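Peer 1: Chain by chain, the residues run as shown.
Number of protein chains: 2
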Amino acid sequence: MSDSLIRFKKPPCISSFATVAGRREEEGPLGGRFDIVDSTDRFGKDSWEKSEGEMQRLALERAILKSGIENGDINAVFAGDLLNQCTSSSYGLMSFGIPHFGIYGACSTIAEGLILASVTVSGGIYRKAAAVCSSHYCSAERQFRSPLEYGSQRAPSAQWTVTGSAAFVVSEEETVYEEEKPGEYRVSGCGTGCYITEALPGRIFDSGLTDMTDMGAAMAPAAADTLLRYFAESGREPGDFDIIATGDLGREGSRLLVALTGDRGLELGPRYTDCGTRIYDLSSSDVHSGGSGCACSGLVLAAEFLPRLMSGRIKDILLVATGALMSPASVEQGGTIPGIAHLLHISSEKG
Amino acid sequence: MSDSLIRFKKPPCISSFATVAGRREEEGPLGGRFDIVDSTDRFGKDSWEKSEGEMQRLALERAILKSGIENGDINAVFAGDLLNQCTSSSYGLMSFGIPHFGIYGACSTIAEGLILASVTVSGGIYRKAAAVCSSHYCSAERQFRSPLEYGSQRAPSAQWTVTGSAAFVVSEEETVYEEEKPGEYRVSGCGTGCYITEALPGRIFDSGLTDMTDMGAAMAPAAADTLLRYFAESGREPGDFDIIATGDLGREGSRLLVALTGDRGLELGPRYTDCGTRIYDLSSSDVHSGGSGCACSGLVLAAEFLPRLMSGRIKDILLVATGALMSPASVEQGGTIPGIAHLLHISSEKG
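Protein chains in written order, with the working numbering: chain A, 1 to 351; chain B, 1 to 351.
By construction, these hints were calculated from the structure, which means they are not laboratory data. Predicted model only: the values in this text are computed from it and were never measured. Just to be clear, a hint being listed does not mean it is correct.
DSSO-like mimics (lysine-lysine), calculated; alpha carbons at most 30 Å apart, straight line [unchecked claim]: (1) Lys45(B) to Lys315(B); (2) Lys350(B) to Lys9(A); (3) Lys10(A) to Lys45(B).
Some but not every residue of chain A turned toward chain B, in silico, with C-beta under 8 Å [as the list claims (entries may be wrong)]: (4) Asn75; (5) Phe101; (6) Glu112; (7) Gly202; (8) Val258; (9) Ala259; (10) Leu260; (11) Gly262; (12) Ser285; (13) Leu325; (14) Met326; (15) Pro338.
We put the beta carbon where it would ideally sit given N, CA and C, even for glycine.
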């Protein structure tokens with residue numbers, strides 16, 4: 001196995017980002033920090049699938065607005081979602097006229113998109129590229145489990161798909177914009193001052209689990225694989241980071257990850273957290289094991305972690321976005337639930 | 001709109017490739033040129049979905065074998081297919097242990113994968129990356145139309161999803177391998193001598209069509225958009241190419257493309273062809289408008305075009321792989337069928 005760690009010689013920066021969220025997310029611990037919220041979760045559309053696409057459109061539109069650029073300044077967009085044939089991305093983003101790379105990493109999609117956007121910008125292929133993801137509780141339930149009208153009961157280990165979308169613009173460091181109005185939030189210089197310095201794409205990891213109501217457990221081994229590879233290849237230690245966050249392992253999956261890495265001598269320690277346990281108040285909001293979905297890690301990164309990095313309170317984030325790569329058909333045919341985990345090191349320093 | 005054309009400063013080369021195909025493909029004009037064929041279309045598996053995943057595994061395994069390398073020498077794989085949640089790629093390729101980027105471009109997937117593999121290799125991120133795609137007539141019918149057992153009738157403009165998989169290994173030019181046994185097919189030097197010199201990712205183009213039995217017409221405007229942008233940005237002319245091939249517009253869509261580009265003053269001329277009209281004998285094989293599916297352009301590129309380039313008979317190929325980005329659910333909800341077309345310039349010269 002050759003090294004797979006990507007160390008960006010010219011770390012690209014996140015020049016702007018934006019978030020769109022639904023009612024339950026706004027009522028959670030991160031309430032008040034999202035750019036756009038619709039308490040009906042509908043976003044003006046007449047189907048949940050269209051609502052999800054509209055969230056992607058709103059998120060990218062707002063991210064572009066914040067960075068003070070125009071659609072045509074973005075050379076390519078990397079976008080994905082959980083729906084069959086990734087239709088939220090295709091329908092949601094087609095009005096921008098930006099060259100489009102469809103991606104699929106299940107709930108790890110935003111990290112896959114940020115890695116590819118960073119690769120193209122760092123390599124001088126593009127000046128700016130965007131990464132966008134979405135998920136919607138109502139479309140995901142219909143897709144993966146059963147329509148909401150059936151009123152199915154949920155297992156305690158089940159997670160709640162996050163309704164939301166996050167969009168990030170990744171740029172060359174040299175980019176500079178001026179503030180148009182004093183006091184209004186505008187990016188300047190490198191944008192947010194958040195650099196993507198390293199990335200490690202995940203391998204597909206199959207631990208033989210088949211329980212679609214316990215996907216945190218199915219994804220934890222993939223997260224452990226990526227973290228163990230990262231620390232072996234990078235030479236860094238968990239103590240080098242202020243936050244080490246998995247995407248959506250939930251309460252059960254997080255505990256399993258800590259056990260799996262601990263068994264291999266990797267102590268993640270108190271800096272370890274899981275986005276799925278941060279986006280909702282697990283004690284009161286009936287979400288069982290926590291949040292999941294492409295938007296889970298996207299929203300927590302954009303609404304909580306990056307603002308802390310920008311404020312100078314923290315310096316280094318390790319995000320390990322996790323995804324479960326099954327489909328309902330594959331599980332019905334007796335297939336296991338393979339997992340994947342893509343890693344990003346985001347820092348306030350260029351490394 | 002900024003320029004989106006990618007001109008590779010260090011054009012990566014295709015160091016090896018392999019194909020897997022089904023019965024109908026083997027009986028067509030390219031019969032005898034595929035590496036692996038199973039006349040039952042099952043590839044030893046008990047569901048069509050598993051058969052499709054197995055084709056991806058066989059194709060990548062053979063491509064790696066041909067290039068004389070090991071799994072671990074490939075730094076990343078870019079893979080996709082048409083099934084819900086891209087499960088053929090995830091299940092088919094997980095045994096390799098190679099870092100995995102899931103992609104979705106519908107039938108344009110192999111071009112998207114080759115672009116991203118080229119970007120990472122050309123930019124010095126990776127030494128080798130692979131691109132893999134698949135489609136299977138039986139799994140696609142069940143996914144997008146209806147199970148075969150229903151015996152649905154097909155419209156004259158409908159296309160036939162190609163059963164097959166194609167895998168390509170993209171490498172830095174410096175790579176050199178020795179022949180292990182005289183007479184056995186092995187790559188050496190740059191591999192095949194086929195360089196990927198330019199790429200143009202597609203934009204999502206919606207022409208408002210809604211007929212799922214005429215997807216060539218839905219995709220033709222996207223192909224026209226990509227070709228018009230390419231010739232405007234590159235400064236080249238159609239006469240600079242020996243082959244200009246779209247992915248799977250079929251008979252109707254190809255005619256529409258020629259009309260659409262002709263109206264804009266771009267005469268593609270006799271060098272224009274469509275992979276969907278080459279993989280089957282349209283006059284006798286009951287495939288109506290021609291082939292489609294991710295494997296369509298992948299198989300024709302690997303089984304027909306690249307061997308002609310390697311033999312010195314032709315020098316420059318422009319491949320415009322086309323995809324229709326709808327899902328059955330989006331169409332049932334009254335959605336249109338947006339198209340996308342990703343372009344590659346493959347040459348025997350480094351540009």
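Peer 1: If any of the earlier hints don't hold here, list their numbers in rising order.
Peer 2: 1, 3, 8, 9, 10, 11 and 12
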